[in-house]
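Colleague: Protein sequence lines correspond, in order, to chains A and B.
Numbering (my numbering) for the first sequence: 445 to 569.
Numbering (my numbering) for the second sequence: 3 to 384.
Source of the hints: derived by calculation from the structure; they are not laboratory data.
In this text, a Cβ means the ideal position worked out from N, Cα and C, and glycines have one as well.
Any given hint might turn out to be false.
If you want the footprint, here are the derived chain A segments under chain B, 3+ residues with CB under 8 Å [as the list claims (entries may be wrong)]:
#1 465-476
#2 523-536
#3 553-560
Here are a few chain B residues that sit away from chain A, every Cβ distance over 10 Å (derived from the structure) [unchecked claim]:
#4 G45
#5 R129
#6 I275
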Amino acid sequence: MDELHDPARYSPRVLELFDRPARLGPPPGANREGQAENRARGSWLRMYLQVEAERVVAAGFHARGCPHTIAAAELACEALTGSDASELAEYRAEFLEAALPLPPEKLDVRLLIEDAVRAAAHGRR
Amino acid sequence: MKTPVYFDYAATAPVDPRVVEAMLGLLGPDGDFGNPSAVHAYGRKAAALVEEAREEIAALLGVAASGIVFTSGATESDNLAIKGAARAAARRGRHVITEKTAHKAVLDACRALEREGFEVSYLVPDRGGRISAAQLEASLRPDTILVSLLHANNETGVLQDIPALAAAVRRHGALFHLDAAQSAGKVELPLEQVDLLALSAHKFCGPKGAGLLYVRPGVRLEPLLHGGGHERGRRAGTLATHQIRGMALAFRLAVESMAEESSRLAGFSSRLIEGLCALPGVLLNGHREARLPNIVNVSVEGVDGEALQLALRDIACSSGAACNSASGEPSYVLRALGRDDALAGASLRFSMGRWTRVEEVDYLLERFGSELTRLRRIAGAA
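Could you build all of it, start to finish, from the sequences and the hints given here?
Modeller: Below, the structure written as structure tokens:
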């Protein structure tokens with residue numbers, strides 16, 4: 445049935461991540477939390493991180509947003525796990541554009557992800 | 003069950019196989035393929051078939067056959083009615099009234115008139131989607147020449163109170179045009195109360211590319227198309243015999259089964275409304291009673307409309323999400339009914355028709371419930 449949807453709009457990767465997000469909610473040891481929103485789209489994203497010894501050991505999220513937002517959040521959580529926590533405050537997620545990919549009209553999804561992760565860099569839980 | 007399950011009959015319906023058969027018989031070298039304008043035997047046979055179809059449709063509508071103008075569909079019919087009638091009556095006045103929730107064919111035709119110097123008033127319906135006679139009355143002016151409304155709204159299925167509205171229009175001597183694209187074949191059409199009425203064959207299991215405009219005798223129209231004086235000078239272009247015959251048969255089949263079919267579909271609608279609105283945060287859009295039997299439109303709190311539609315991609319339906327509109331904005335119809343952008347965007351229209359089965363309605367209810375729960379879990383709700 446997926447072929448009925450414009451493949452340029454929803455890649456197989458987006459569909460897979462949207463259908464089965466595995467990192468919902470705060471990991472059991474989450475100690476950081478940050479939220480960002482895109483009022484124009486009515487979407488928001490809350491990121492939860494577990495940081496131990498300056499490394500992100502687990503990440504999770506809650507979101508209300510379009511399929512790309514949910515897929516991007518899931519992918520960002522996967523990529524964040526094992527990353528250097530000192531880089532969170534300047535977090536950049538350019539990789540999402542190619543990895544999902546994000547269509548041109550959805551490039552703001554990347555900003556939502558970056559804002560939520562940066563907020564979580566300092567947000568104690 | 004075939005998936006995606008089809009719940010988009012308000013967009014279009016399959017052509018009834020009986021109609022397909024009738025149309026095919028007209029197309030080939032052994033069929034009645036002649037040009038109805040030609041004087042030879044092929045042409046005369048085709049012309050007779052077209053006129054027979056005109057008589058049949060007119061009889062079903064209860065009007066004179068001379069009032070039927072064949073077109074390519076309701077969009078063309080609306081354009082011919084609105085632009086054609088306004089231009090023909092421009093010397094009497096240049097004010098037109100329509101509704102904010104009209105179909106784009108009506109709104110864009112009105113915008114075209116505005117560019118020609120006409121003034122258009124856009125009535126805002128109440129939260130149920132209905133326009134009151136008092137509200138219309140207050141907008142009617144001595145220079146109002148035309149009122150153009152939808153019989154049933156294409157997004158919500160809400161039906162207008164035509165007798166009351168028509169009386170107000172008549173008192174002011176303006177013309178009354180009704181777009182009946184959604185209601186034709188579903189409910190009785192108020193032909194005796196309007197001057198112009200548009201419909202499309204593909205909404206009642208006829209072919210796409212066929213429609214008509216009913217024009218009350220005596221109503222003048224400036225044609226939009228020139229080139230041969232067909233349709234008594236009101237619409238030029240070779241008449242598509244197979245499309246017209248297909249539409250006539252499809253309309254007869256729809257009218258003959260209307261009472262039974264409308265009651266069956268109304269039962270499905272009630273089942274859907276009851277099941278969907280029992281879920282937390284699901285709101286019915288439009289008036290609960292004054293509605294077509296086959297359209298149910300709901301908004302959902304707390305989820306994104308595009309996500310909901312993709313999650314339910316095994317259900318073929320329409321969405322009010324911004325990503326589905328040419329303007330990039332959520333449904334203008336639902337916003338005019340007072341829904342905020344989030345609720346207008348997180349809306350789905352389920353529309354049913356001849357081949358909809360109760361198992362499909364139950365499948366939709368089950369899938370809607372489980373995907374709504376999943377999206378709410380993603381948003382952190384219990």
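Colleague: Any hints from earlier that this structure breaks? Give me their numbers in increasing order, please.
Modeller: 2, 3
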